[in-house]
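Novice: Please put together the full structure from these sequences, using the hints given.
Position one of the sequence shown corresponds to residue 0 (numbering that gives the first Met the number 0), numbered consecutively onward.
Note that these hints are calculated values from the structure, not bench results. Do not take every clue at face value.
[What the hints assert, rightly or not] Think about it this way: if two alpha-carbon atoms lie no more than 30 Å apart in a straight line, the pair counts; the simulated BS3-like pairs of lysine-lysine are:
1. 205 x 135
2. 46 x 33
3. 112 x 100
4. 205 x 112
5. 80 x 33
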Amino acid sequence: MKYLLTPGIWLLALVSAASVVACVPDQTDQPDNKATMEVINEQTANKEAIRNLYEVILNERKFELLDNLISENYANDQGGKGVEGFKIGIYQVIEAFPDAKWEIEELIADGNKVMIRQRVNGTHEGNFQHIAPTGKTISNHGYAVYTFESGQIIYHQIMTDRLSFLQQLEILPADFSSLTNRSGDHVIFVDRFTVPRSAYGEFMKKVAYNRSYIKTLPGFIEDNMMVNEGDADPVELITIAVWQSQKHLEAAKKSVQDEYRRINFNPAEFTKEHGITMDRQVYAAVH
Numbered sequence: 000m001k002y003l004l005t006p007g008i009w010l011l012a013l014v015s016a017a018s019v020v021a022c023v024p025d026q027t028d029q030p031d032n033k034a035t036m037e038v039i040n041e042q043t044a045n046k047e048a049i050r051n052l053y054e055v056i057l058n059e060r061k062f063e064l065l066d067n068l069i070s071e072n073y074a075n076d077q078g079g080k081g082v083e084g085f086k087i088g089i090y091q092v093i094e095a096f097p098d099a100k101w102e103i104e105e106l107i108a109d110g111n112k113v114m115i116r117q118r119v120n121g122t123h124e125g126n127f128q129h130i131a132p133t134g135k136t137i138s139n140h141g142y143a144v145y146t147f148e149s150g151q152i153i154y155h156q157i158m159t160d161r162l163s164f165l166q167q168l169e170i171l172p173a174d175f176s177s178l179t180n181r182s183g184d185h186v187i188f189v190d191r192f193t194v195p196r197s198a199y200g201e202f203m204k205k206v207a208y209n210r211s212y213i214k215t216l217p218g219f220i221e222d223n224m225m226v227n228e229g230d231a232d233p234v235e236l237i238t239i240a241v242w243q244s245q246k247h248l249e250a251a252k253k254s255v256q257d258e259y260r261r262i263n264f265n266p267a268e269f270t271k272e273h274g275i276t277m278d279r280q281v282y283a284a285v286h
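Specialist: Below you can see the structure in the form of structure tokens.
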């Protein structure tokens with residue numbers, strides 16, 4: 000017996016076949032789901048490792064767990080290597096702030112890095128970076144970036160609000176207008192430098208020249224400098240210059256730039272060559 004397909008049946012057959020083909024995934028256009036999941040799983044694991052670092056290892060003082068978290072290839076900008084190099088900074092904080100507690104305010108993973116916004120609270124009861132105990136309670140925020148390799152930390156960098164930290168310890172005044180009791184629309188010019196020890200001597204020569212020069216300029220009132228020297232590397236410095244007004248400050252900037260050109264000194268090239276970083280802030284006195 001022969002079966003004949005009418006034109007309508009043929010059309011239905013073709014549509015059905017096309018539907019079947021459309022349902023078959025094109026393997027060439029599909030993402031590598033396995034690789035994607037591996038990346039997601041790795042990032043999740045790294046985030047949990049950092050959460051454990053803060054909530055358990057640091058806050059519960061279970062430092063023996065660092066042996067599994069810190070790679071033997073770990074190195075930081077201060078010259079620390081391996082797990083012992085990682086511990087140095089932690090121990091310095093806890094010795095100075097025995098009740099220190101860390102909080103994670105935000106946690107983000109990207110590739111092999113985990114970035115967090117953190118806050119540390121504690122009471123200053125021991126020497127910290129050559130600052131004698133003050134008994135003051137601090138709540139200092141900052142940011143940290145951790146780099147992972149095979150599930151372990153191989154590098155990390157922490158950036159904190161150093162100015163606020165020194166103000167909370169009352170090393171620096173909370174109100175910079177207290178640096179002078181003279182009347183006027185005073186402007187306080189604050190520079191914070193991080194200087195590798197290898198460049199410290201040369202840098203201080205430049206600072207001394209600058210401080211000597213600005214004292215000759217109109218509108219200058221006074222200046223101060225704080226150095227957190229000791230054996231730290233890099234060295235941190237804060238310079239503060241008080242000017243009678245914003246107008247005097249702008250004129251002083253121009254005069255300093257002209258003087259640098261006269262003596263053939265390029266600050267940008269100098270800081271880049273020696274690995275020096277600078278953070279600048281300007282404050283107005285409030286009356």
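Novice: Hint by hint, say whether it matches the structure.
Specialist: Okay, the hints, checked on the actual structure:
no., hint, verdict
1, 205 x 135, "violated (34 Å)"
2, 46 x 33, "holds (20 Å)"
3, 112 x 100, "holds (23 Å)"
4, 205 x 112, "violated (37 Å)"
5, 80 x 33, "violated (35 Å)"
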